[in-house]
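S.K.: Listed in order, the protein sequences are those of chains A and B.
So the first sequence is numbered by this note's numbering: it starts at 1 and just counts up by one.
So the second sequence is numbered by this note's numbering: it starts at 1001 and just counts up by one.
If you're looking for bench data, these hints aren't it; they were derived computationally from the structure.
Be aware that a few hints might be false.
Distance condition first, Cα-Cα at most 30 Å in a straight line; then the derived BS3-like pairs of lysine-lysine [as the list claims (entries may be wrong)]: (1) A:K29 / B:K1170; (2) A:K89 / B:K1054; (3) A:K56 / B:K1175; (4) A:K56 / B:K1170; (5) A:K103 / B:K1264; (6) A:K63 / A:K214; (7) A:K63 / A:K82; (8) B:K1017 / B:K1264; (9) A:K183 / B:K1175; (10) A:K15 / B:K1102; (11) A:K115 / B:K1004; (12) A:K67 / A:K214; (13) A:K103 / B:K1170; (14) B:K1170 / A:K82; (15) A:K103 / B:K1102; (16) A:K103 / A:K215; (17) A:K63 / B:K1004; (18) A:K67 / B:K1175; (19) A:K82 / B:K1175; (20) A:K103 / B:K1175; (21) B:K1102 / A:K89; (22) B:K1170 / A:K106; (23) A:K183 / B:K1170; (24) A:K63 / A:K29; (25) A:K67 / B:K1170; (26) A:K215 / A:K67; (27) A:K115 / B:K1264; (28) A:K215 / A:K82; (29) A:K63 / A:K183; (30) A:K82 / A:K214; (31) B:K1004 / A:K89; (32) A:K63 / B:K1175; (33) B:K1264 / A:K82; (34) B:K1264 / A:K89; (35) B:K1175 / A:K115; (36) B:K1102 / A:K82.
Computed beta-carbon distance windows for the label pairs [stated by the list, open to error]: (37) A:D164 / B:Y1016: 27 to 33 Å; (38) A:F12 / B:I1164: 21 to 27 Å; (39) A:I216 / B:F1104: 47 to 53 Å; (40) B:V1089 / A:E182: 43 to 49 Å.
Cβ atoms here follow ideal geometry from the backbone N, Cα and C, with glycine treated the same way.
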Amino acid sequence: MLEVDHIAKTFFSDKGDTDAIENISIDVKENEFLVLLGPGQCGKSTFLNIIAGLVKPTSGTIKLDGKPITGTDPRIAMVFQKTGLYEWKTAMQNAELGLKYRKVSKAERREIAQKYLDLVGLHGFENAYPHALSGGMKQRVGIARAYTANPEILLMDEPFGALDAQTRYAMEEEILRIWNAEKRTIIFVTNNIEEAITLGDRVIQFTERPATVKKIYDLSSLARPRSQVSPEFLRIRQEIASNEELTLE
Amino acid sequence: MKLKTNPLLEDRSIVYKFFYYVGPILLIVAFLLGWNAVSASGNVMLPSPAEALKRMITIWSGNVAKHPMTYHVGISMRRVLTALIFSVVVGVPFGIAMGWNKTFRAIFKPLFEVIRPVPPIAWVPLFTLWFGTSEFSRVAIITMGVFMPIVINSYSGVIMVPEINFQVGKVFGAKSTDMLFDVVLPSSLNAIFAGIRTALGGGWMVLLASEMLGAREGIGFLIMQGNSANDLTLSIVGMVMIGFFGMLFAYAFDYLERWLCPWKRK
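Same shape as in the complex, but just chain A (with noise of 0.2 Å):
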């Protein structure tokens, strides 16, 4: 289980300092599909950056299975919004990385990497390089390559916020085929409502910055699939509007 307690986050700089997170505290269940919604720039990537062990908060700690961790750590993946995979590196290289980095066996990588791949349905791309691929297909790699490293945690940044709107519809019925299929906890970014309420277990909605929790819906009785037309999904998605701050920059 990884608990979150009261994480704030400042930037310091010479034009002045920036809060982006104030005081967030989360505990998040086993092979939960854990959304945080918020709005642009609301400090919820930083958030996740601070998960993954890629930014040091400014106070607060992360526990995960009971033990505090600092910096980057094996039992958490991610999959990054502009996809971050290495263009020199083919498909299933991609995949590898997590496993290479932490001197798995040739063999024994290739053979995870593989089961991933087909799980995302990359069967047959192994040697394309992401050049050749679509937008959709590179974010399959990135989940691939997540799950390949055999994390307890999956944090996933707005993973689909790139993609046109029918790959995007495409790849959240997706990544909850593989959720089902290899259960892990998911911690999933995203500022869009209807996305929210189609995956999460749980949606957390995030405040404007400085980011801090401003409610918690808890969708676990709604079942899956959701239709994004049904009456539940409406009321949830007005009631969440309703609470969301519209704000122009």
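On the provided structure of chain A, position chain B as indicated by the hints.
M.R.: The following block gives chain B in isolation, referenced to the frame of chain A:
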């Protein structure tokens, strides 16, 4: 789902494809025709392409300046290549180290920046004094010309590696050596190759200056020889040789890059 293909050739008409392949040849033919027209007009002193070609054939079939042409070409290439290989072997690691390690950068960058703007030819008096008009002198001067762009490009290649590449490396457990050899180096290969190409162009330029240093052979020497003996055709033959072999080098490097960077093949 399917893979993407070459957008330059995909779904294009026959006419487009014809110009894609034949266009470059047409342009060279047009250039030769223009050259010929200028020469035939008699307004400027300029041997025609046919004269240059005739002269080239006589030169290639006999000796010029006491040596066969292959000797001149070979020795010039050796000079440029020696300088280039030395600069790649020393300059690429030096540039990468300067981009990768802050301490190394703090120590070496200022000195490097002072030496960089000095034109390579400005070293001629010093090198002649130290090493005489020797082969070593000539290669050293060319090296001053090719070393700098190689170091600078390797350095900028490293400092321009996108932040996300490091984040991905960190999240997936890359150690410092993984980061250097598996992330930074392949990320910067593009810039490094651009540097080698620039260096090669500069190398031919400095070659000419270096062969003014009492050389009795080399393409640059032939061009200077043409100048002093009022033999314009010989100079033009030299220019064509540099152009031709410069092009061969450039294409050879394209192939080398494609071989080293298979992910760029489209």
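S.K.: Could you run down the list of hints and mark each one as holding or not?
M.R.: Checked hints:
1. Between K29 (chain A) and K1170 (chain B) the alpha-carbon distance is near 25 Å, which keeps this suggested pair within the 30 Å criterion.
2. Distance check on the hinted pair: K89 (chain A) and K1054 (chain B) sit about 51 Å apart at the alpha-carbon level, beyond 30 Å; violated.
3. Annotation: proposed proximity of K56 (chain A) to K1175 (chain B) holds, straight-line Cα distance about 19 Å (limit 30 Å).
4. Between K56 (chain A) and K1170 (chain B) the CA atoms are separated by roughly 14 Å; this keeps the pair inside 30 Å, and the hint holds.
5. The hinted pair formed by K103 (chain A) and K1264 (chain B) meets the criterion: a straight-line CA distance of about 28 Å does not exceed 30 Å.
6. For the proposed pair K63 (chain A) and K214 (chain A), the alpha carbon gap of about 22 Å is at most 30 Å, so the pair holds.
7. About 27 Å separates the Cα atoms of K63 (chain A) and K82 (chain A), which keeps this hinted pair within 30 Å; it holds.
8. A C-alpha spacing of about 22 Å is found between K1017 (chain B) and K1264 (chain B), which places the hinted pair at or below 30 Å, so the restraint holds.
9. Distance hint between K183 (chain A) and K1175 (chain B) is fulfilled; the C-alpha atoms sit about 29 Å from each other, no more than 30 Å.
10. About 25 Å separates the Cα atoms of K15 (chain A) and K1102 (chain B), which keeps this hinted pair within 30 Å; it holds.
11. As the CA atoms of K115 (chain A) and K1004 (chain B) are separated by approximately 24 Å, the hinted pair is consistent with the 30 Å bound.
12. At roughly 27 Å between alpha-carbon atoms, K67 (chain A) and K214 (chain A) fall within 30 Å of each other, so this suggested pair holds.
13. Of the pairs offered as hints, the one joining K103 (chain A) and K1170 (chain B) holds, with about 15 Å between alpha carbons and a cut-off of 30 Å not exceeded.
14. Among the hinted pairs, K1170 (chain B) with K82 (chain A) is consistent with the structure: their alpha-carbon atoms are about 16 Å apart, no more than 30 Å.
15. A threshold of 30 Å between alpha carbons decides the hint, and for K103 (chain A) with K1102 (chain B) the separation of about 28 Å falls inside it, so the pair holds.
16. The suggested pairing of K103 (chain A) with K215 (chain A) is violated, with an alpha-carbon distance near 42 Å, which exceeds 30 Å.
17. A threshold of 30 Å between alpha carbons decides the hint, and for K63 (chain A) with K1004 (chain B) the separation of about 44 Å lies outside it, so the pair is violated.
18. For the given pair, K67 (chain A) sits about 23 Å from K1175 (chain B) by alpha-carbon distance, which is consistent with the 30 Å threshold.
19. Taking the CA atoms of K82 (chain A) and K1175 (chain B), the gap is near 23 Å; set against the 30 Å cutoff, the hint holds.
20. For the suggested pair K103 (chain A) and K1175 (chain B), the alpha carbons sit about 11 Å apart, so the restraint of at most 30 Å is met.
21. Distance check on the hinted pair: K1102 (chain B) and K89 (chain A) sit about 28 Å apart at the alpha-carbon level, within 30 Å; holds.
22. The suggested pairing of K1170 (chain B) with K106 (chain A) holds, with an alpha-carbon distance near 20 Å, which does not exceed 30 Å.
23. Between K183 (chain A) and K1170 (chain B), the direct Cα distance comes to roughly 24 Å. Compliance with the 30 Å bound is thereby established for this hinted pair.
24. Taking the CA atoms of K63 (chain A) and K29 (chain A), the gap is near 12 Å; set against the 30 Å cutoff, the hint holds.
25. Of the supplied pair hints, the one linking K67 (chain A) and K1170 (chain B) holds, its CA atoms being roughly 20 Å apart against a limit of 30 Å.
26. Among the hinted pairs, K215 (chain A) with K67 (chain A) is consistent with the structure: their alpha-carbon atoms are about 27 Å apart, no more than 30 Å.
27. Taking the CA atoms of K115 (chain A) and K1264 (chain B), the gap is near 27 Å; set against the 30 Å cutoff, the hint holds.
28. For the suggested pair K215 (chain A) and K82 (chain A), the alpha carbons sit about 28 Å apart, so the restraint of at most 30 Å is met.
29. The hinted pair formed by K63 (chain A) and K183 (chain A) meets the criterion: a straight-line CA distance of about 20 Å does not exceed 30 Å.
30. With a C-alpha separation of about 27 Å, the suggested pair K82 (chain A) and K214 (chain A) falls inside the 30 Å cut-off, and the hint holds.
31. The suggested pairing of K1004 (chain B) with K89 (chain A) holds, with an alpha-carbon distance near 17 Å, which does not exceed 30 Å.
32. About 23 Å separates the Cα atoms of K63 (chain A) and K1175 (chain B), which keeps this hinted pair within 30 Å; it holds.
33. Annotation: proposed proximity of K1264 (chain B) to K82 (chain A) holds, straight-line Cα distance about 19 Å (limit 30 Å).
34. Restraint check for K1264 (chain B) and K89 (chain A): the C-alpha separation of about 11 Å stays at or below 30 Å, so the hint holds.
35. Between K1175 (chain B) and K115 (chain A) the alpha-carbon distance is near 26 Å, which keeps this suggested pair within the 30 Å criterion.
36. With a C-alpha separation of about 28 Å, the suggested pair K1102 (chain B) and K82 (chain A) falls inside the 30 Å cut-off, and the hint holds.
37. In this structure the supplied range 27 to 33 Å holds for D164 (chain A) paired with Y1016 (chain B), their Cβ-Cβ distance being about 28 Å.
38. Range check, F12 (chain A) to I1164 (chain B): Cβ separation about 23 Å, and the 21 to 27 Å hint holds.
39. At roughly 50 Å, the beta-carbon separation of I216 (chain A) and F1104 (chain B) lies within the given 47 to 53 Å, and the hint holds.
40. Look at V1089 (chain B) against E182 (chain A): about 48 Å separates their beta carbons, and that is inside 43 to 49 Å.
Violation of the numbered hints given earlier is confined to hints 2, 16, 17; the remaining hints are satisfied by the structure.
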